[in-house]
Amino acid sequence: MKDTDNFFDKVYEIARLIPFGRVTSYGAIASYLGAAKSARMVGWAMNNSHHQPTSVPAHRVVNRKGLLTGKHHFEGTNLMQQLLESEGIVVVENQIQDFERVFWNPIE
DNA sequence: ATTTTGACGACGT
DNA sequence: GACGTCGCCAAAA
Numbered sequence: 713m714k715d716t717d718n719f720f721d722k723v724y725e726i727a728r729l730i731p732f733g734r735v736t737s738y739g740a741i742a743s744y745l746g747a748a749k750s751a752r753m754v755g756w757a758m759n760n761s762h763h764q765p766t767s768v769p770a771h772r773v774v775n776r777k778g779l780l781t782g783k784h785h786f787e788g789t790n791l792m793q794q795l796l797e798s799e800g801i802v803v804v805e806n807q808i809q810d811f812e813r814v815f816w817n818p819i820e
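Going by the numbering used here, the final residue of the first sequence carries number 820, and the count climbs one at a time with no gaps.
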């Protein structure tokens, strides 16, 4: 790949570093990369992650509200939520409960 | 090549 | 504190 995808590559790397039963936000990743205002790019990277060689747990990445905004991008309609619940995360109406409790900061 | 949109977020009103 | 607008950068139309 090109060297300019450092940003995207970093996103994938961090996404894979998310511990089991934890989630993070696009902005947190972007901030860690030094592009706090480019949170959208993180989301775009996730979309592109589908054609990445490695499996990226994009279901562990949500917006800062703890809302599963991208759940529509997954296969069914509740696959993302099901995966999160499978890890012990409580999700109601596409919204993560105790979000701050399961939040994982990449800087840590 | 230009315009529109998009898995977001911060700031202004 | 709810709602509106702007900023960011990349890809699809």
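Quick caveat, the hints were computed from the structure, so don't treat them as lab data.
From the three backbone atoms N, C-alpha and C, an ideal C-beta is built for every residue, glycine too.
Among the hints, erroneous ones may be present.
As the list claims (entries may be wrong) - Derived pair list, reagent style EDC-like, types lysine to aspartate or glutamate, alpha-carbon separation capped at 20 Å:
1) Lys783 <-> Glu820
2) Lys783 <-> Asp810
3) Lys777 <-> Glu812
4) Lys777 <-> Glu805
5) Lys783 <-> Glu805
6) Lys783 <-> Glu797
7) Lys722 <-> Glu820
8) Lys783 <-> Glu799
9) Lys777 <-> Glu797
10) Lys749 <-> Asp721
Claimed, not checked - Here are the in silico distance ranges between beta carbons for each label pair:
11) Gly746 <-> Asn790: 10 to 20 Å
12) Gly788 <-> Gly746: 14 to 24 Å
13) Asn718 <-> Asn790: 26 to 36 Å
14) Gln809 <-> Asn718: 14 to 24 Å
15) Phe732 <-> Arg776: 14 to 24 Å
16) Asn718 <-> Glu797: 27 to 37 Å
17) Asp721 <-> Glu805: 26 to 36 Å
18) Arg728 <-> Asn775: 11 to 21 Å
**Asked** Between Lys749 and Asp721, does the CA-CA distance stay at or below 20 Å?
**Response** holds, 18 Å
**Consistency of beta-carbon spacing, Gly746 to Gly788, with hint 14 to 24 Å** = violated, 35 Å
**Asked** Taking the CB of Gly746 and the CB of Asn790, does the distance hold inside 10 to 20 Å?
**Response** violated, 35 Å
**Prompt:** Straight-line Cα separation of Lys783 and Asp810 no greater than 20 Å?
**Reply:** The hint holds at about 19 Å.
**Message:** A range of 14 to 24 Å was offered for this pair. Does it hold for the Cβ distance of Phe732 and Arg776?
**Reply:** Holds, at about 21 Å.
**Item:** Proposed proximity, Glu799 with Lys783 (alpha carbon, max 20 Å)
**Value:** With Cα atoms ~16 Å apart, Lys783 and Glu799 stay inside 20 Å; holds.
**Prompt:** Does 11 to 21 Å hold as the CB distance between Arg728 and Asn775, or does it fail?
**Reply:** Holds: the Cβ-Cβ distance is about 19 Å, inside 11 to 21 Å.
**Request:** Evaluate the given range 26 to 36 Å for the C-beta pair formed by Asn718 and Asn790.
**Result:** Because 34 Å falls inside the window, the suggested range holds.
**Request:** For the pair supplied as a hint, Lys722 and Glu820, confirm whether the alpha-carbon distance does not exceed 20 Å.
**Result:** holds, 15 Å
**Prompt:** Regarding the pair Lys777 and Glu805, is the alpha-carbon distance no greater than 20 Å?
**Reply:** Roughly 13 Å separates the two Cα atoms, so the pair holds.
**Request:** State, for the Cβ atoms of Gln809 and Asn718, whether the hinted interval 14 to 24 Å holds or is violated.
**Result:** violated, 35 Å
**Prompt:** If you draw a straight line from the CA of Lys777 to the CA of Glu797, is it 20 Å or shorter?
**Reply:** holds, 17 Å
The structure fails to meet hints 1, 11, 12 and 14 from the earlier list, while all remaining hints are met.
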